[in-house]
Structures are given as structure tokens and as C-alpha cells.
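Visitor: Using the hints, position chain X against chain Y.
Chain order of the listed sequences is Y and X.
When we follow the numbering used here, the leftmost residue of the first sequence carries the number 19, and every step to the right adds one.
When we follow the numbering used here, the leftmost residue of the second sequence carries the number 3, and every step to the right adds one.
There could be a bad hint or two in this list.
What the hints assert, rightly or not - Simulated pairs of lysine-lysine, DSS-like, Cα-Cα distance not exceeding 30 Å: (1) Y/125 / Y/165; (2) X/222 / Y/165; (3) Y/325 / Y/97; (4) X/317 / Y/322; (5) Y/125 / X/78; (6) X/222 / X/274.
Don't read these hints as lab results, they were simulated from the structure.
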Amino acid sequence: MNDRRRINPPPGGTTPPAFLHSTKATNRPVRTRPANLPRSIFLQTGLVPSASGSAYLELQSSSSPPSKISLIPTSSSPKITCTVHGPRPLPRSAPFSSTLVLSTHVKFAPFATRARRGYVRDASERDLGVHLETALRGVILGERWPKSGVEVVITVLEGEEDAWWADDRGEGSGAANAGWGMMSVLAACITAASAALVDAGIDCVDMITGGVAAIVRSTGHAADATVNGGSRSVVVLDPCPSEHEYIQAACVVGYLRARDEVTELWMRGDAGPESESLLDQAVQAAILARTVLSETMREAALLKFDKQAAELNSDNATGDATRRKAKSKDVAMTG
Amino acid sequence: MAPYTTIPLSPAELSYLHTSLSQTPPIRPDGRSPTQFRPLVAETDILPSTNGSARICFPDGTEAIVGVKAEVERSKQENNGSTSEVHLKRDRRMEQQNEDMEDRDANEGKGREGWVELAIEIPGMRDDDALPIFLSAMLTEALLADQGLKDALYINTRFHWRLYIDILLLSLPLSYPLPLLSQTTHLALLSTRLPALVSEQDEDPLFNDDWEASTYLYPKSNPSQTAQRKPPITLLVMAVGETILFDPSADELAVADAVVALSVTQSTAGLKLIALRTIDPPSRLTSGGIPNALNTTPVAAGAQQTALSSNEALKLRENDQGRSVWRPPRGGVKRVVLSRMIKAVVEEDGVGGEVMQGLANVET
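Here chain Y stands alone, though its shape is the one from the complex:
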């Protein structure tokens, strides 16, 4: 995959410099919020005027504020932007499809993670795209839009880290350490995509939100739990992987609140007999995200309809009937 169109980084990859001063100064970030409280979400729609719908989501940076000595942030705060294009007609060469053709693209910006990612989409990003498509396909009423396609493009401006950067991953890290950050990113992507879909005005069954929960253990080594009786496993909502030494299992859900249904479920790790409670906690995280989503969409809708009402009033005042007709955005559906 030799990418000659751009100026590429060194092929062996890059590592960020770590200074002697910094390793002394920073300690492992510690989760300060209670186990059942997710991070605060900032969500706003309508930021990309050229797209049918768009949304920007940002999670609050958790744990203690950075120390005065070093500028290195202690933990990451995911930032995601989503744009929806469509529904637009499929090209003439495309085969007939009686339902809306949904295509999702997830892309991490090259600066989004600690290890630089390339411009070309790699397997993990495509995998996230498939997860997102599974989540959204259950929500969108595809049968109302034959021969049309909708494109959901997600750009992750800052992704979640898989573990604390100063942690040596080799030493007794137990189960697969990579991938926990992806799950938090997926949950945020689902919520952002849902906001963008509503902003684009695409027919949906319900508003879907993403929630993530994890079973974490307080001590580092996996086997220590059997030796020392002291460490317990706790289910936390919205885990920040750099705050926990050992994540035993994690679960992401795409949840429809009004119908109490799950469209997307991704569980990893050894949950054992607690898999059901892990699922319930992830659903709880999704419910809490839903409150933020409803509030955001209500504000956005009020803003949109106020603007439309103001324009209609001004049209009425000037008596310009043709302009009023052109402004109407309703599309007659062929059923």
C-alpha cells in the first residue's frame, strides 16, 4: 500500500518522545467520577452547512486536571464529527435496490491517536464502519427510499487510548489490551451519527444512542485476583481505558430507548456470569446519553423552526407566493 500522493511518515512508525521529567511528573490517571456516571457529552448539530446533516460530539476529559509540571494530558477526550449526505439517488449503473443503501465510513485523523495512523483506511476503521452500519440499519426506515443511497461519514479527531501511555503493555497485561479504546469511540460514533441523521431529516424508527460499560479490576495482574482476595471486579460506565490497570471485559450497545431494543451489541473479554449485568450497564450508559441527545435535538429543532417561521412571516409580509412555495422542503412520497 505505497501511498505516493502524499508525504508519508517513516515506514517503521513513529513514537512520541517521552522526557525524563515527564515520567516523574505524571501519575496514572485515576477515575474520579463514580462508577455509574459517564463523562459529560457536548453535542451540536448543523455545523457543516454543505451536508444534509452533521453533528459534532465531544466527551469531557475525565480524571484529575493535568499537573503543572508537564503539558502531557493525563487522559484522552474523544472528539468526533459526523456528516450525513443524502438521501440521494443511486447512480444509473447501480443495481436496483428497494431499500435505502446505507454506507458508513469511519476515519481516524492521522493525529487522532498516540501512534500516527495513515491516510488510507485500515482494517480496524473498516471494522468500526461495519459496526456502525449494523447499528444504524435497524433504525433507518429504508423501505421508504428505494433507489437511493445515504452516506454517513465519521471523522475521529481525537480517539480514545487503549491503555495508559506509560504502561508497559508486555508485563502481565493479560487479555488483549488493544481495542478497548475502539469501543468507547464506537459508542460515541453511534450517538453522533444518530444526531446527524435526525439533523438530515431521514426517517428513523427511534433515536439510537451508544453506551459502553466495562468490568475492571483494581489490581494489575490478571492472576492476582485469584491469589489475593482483595481485588474486586467492578462494572463501570463509560470507561476511560487509561484510568484502569486491567479491563476484564467491555461491552458497547446501540440502544433504542423508546422501543427498548438493541440494534448493535459488541462484547469482548471474559465477562463470565456477569455478561448480562454488563449488558444492562451498557444500556444504562446509552439511556444517559439519550437524555443529552434529546435535549440537543430539541434545541436544534427549535432553532430551525424559528428560522423557518421567521422567513415565512417575512414572505407573507411581502406577499411573495412563489418564494414561499420554493422554500417548502416537503417531498411527496410515493408510498
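Guide: Chain X only, in chain Y's frame:
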């Protein structure tokens, strides 16, 4: 579009299938019970140049071959930006740990994820299409959840084994190929052998030329050992209404309300679930039937057909809610149904254990 999603069934056939699968007990098109698997043909060690191989054929014509090869690779010395001070502290901690874990395996925790590479080839699809990537991600995460596999690949601090698992689907993917590929991988890994190490400590690795002396990657059951490591297996479970079905065929998948892929592995306390993913059911891509009231075909002379406006037509369709004609499923799956699916696989005499038992009995 993935080939398995082009479903050549009419709305009437889909509605018929859905109704017959929703009965209690469900009536499957081939007459199986809900937990009955289709018979399969399996053989191992078919490729002499690989460390392990297997081939499984399903009766509907789908066939898969998996070859496992291992290669010695030099270990990269990791640098996480830690300084000598931190190294010193860590070495002291490691010494203490080493004293504590005398009876534990010396290689524990030394395995790395990058040492296992899985590649899936499906005819008619590119490497970066959605289906091969999703399948390889699912199979890889199930495999790597077992730290024992990664530790078995450790030789010494300078070298390690790199495992290449190549999965070939030999037929076109008519139905979702995940269970076939995962069972074939399971068999291939069970038969994988690594040459016996003759060198010691950190010197360049030297192996015994005698292949009979080679060790299995997943050691066969040892009476003194309580826990036997086994590769994971991924099962496809589908739900239609309240009914849960295992090993769904392509027709049954076309009317599924929900499809879930579960990866389970053997542990000391029975089966444990290591990964779970929902799969987008192909039923969402089907087109709905047209209710009779919306039928615009002209009837015999004398009868009146009033054309409905688009809004009225839509309202009629929505109120029908798929009762009189087939409608693709909307929304998701209820949580209760999900937990029932998980339980059915993982429980004591569940389906997962049966499949593992069946595969273990395959003669090499």
C-alpha cells in the same frame, strides 16, 4: 453488496418462512430441531507443508480450508519511552513477582498480539470489503482473548513464533460463512504442531529435526492437568420473534429478526463467552410485499378501484405492520431475547459444548 445478501425469495415466500419459524415448536425448512446442526464432513492434516490444516464441507456445498504456518521471527525490543529509572523499579517488581510465581508457567504474560496473523479469502470479494474484514476481526479477537496461545508462541527474549492462519472459503458465500470458517480454524489449530525447542535460554533457537517430537500448539488432554486449552469456536444464533435457532441456513437468515455471533472457549468452569457481535440480518435488505388494498392491477370489468393518495397508502402500510404481507424487520432485538441466546450457548449442556465435543472427535 455481499453476495449472501442477494436473496432470491419473494415476499410471499419470506412471509411463509417467517410464520413457520415463529411457531412453537418452530418448523424449519429442512425439518431440523432448533438446536440441531447440519451434518458436516471434516478432515485435518490435509496439507503436508503446513504446521496444521483442516477442511470442512457443509452439505449445502460450502467448503473451507484453513492452513496454519509458523515462522520464527526476531522480537522487537519495545520502547514505550520509559527511562532507566522506571526500568529499575520495574525490574525490582519483576523479581518479586518471579519469586511469587514459581509454580506458574515462566512464559506467562509474555505473549504479544502481533504474533498471530489471520487472513480470510472469500472468492469474489476484495481484501478490504466489509465482509472479510468483519469476519477476520471477529475471529482474531476470539483467538487473541486467550493469553495461553500467545504465550505458547514465545521462544526467548529475542525470538518468537509468528503464526499465520490463512482461511480460504472455496465456494461462493451463499450463506453467512462465519460458523464454517470458525469451525475449520478450530480444527486446524487443534492439529497445529510446532517443532520442539532444543536450544536453551536466549541463544539462537535450534529445533529438533524429528517431526514426531514436535509439540502441539494446543496440547492434548493431560490427565494431571486440570485445564485444557482449546481454540475458540464462533457460533451463529438467530432469533425469529421469540424463537431461537442454531446453525441457520441461508433461507432462515433471510427472515431473521436478529442474528448474533458468539465466540466461546473451553475453560475450567465449562464454556465461557469471550466475544459477541450482532450481525446485520440480511432480512433488512428484502423488499416488502404490497397489501391487497394497494394493488393497482386493474380487475375485471364492473369492480371499482379507487387510487389512494401517497399519504393514505403510507398510512395503510404502517397500520398493516407486516401482518398481511411481509415487511422487513425494523428496530433491534429485545434484551431478554439476547440473554436467552447467550444462555442457550453457554449453559451446562448447551449447544457450544456439543459442537466442541463433536470437533474434538474428528480423527486426524
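Visitor: With reference to the structure, classify each hint as holding or not holding.
Guide: Hint by hint, here is what the structure shows:
no., hint, in the structure
1, Y/125 / Y/165, "holds (26 Å)"
2, X/222 / Y/165, "violated (55 Å)"
3, Y/325 / Y/97, "holds (29 Å)"
4, X/317 / Y/322, "holds (27 Å)"
5, Y/125 / X/78, "holds (28 Å)"
6, X/222 / X/274, "holds (20 Å)"
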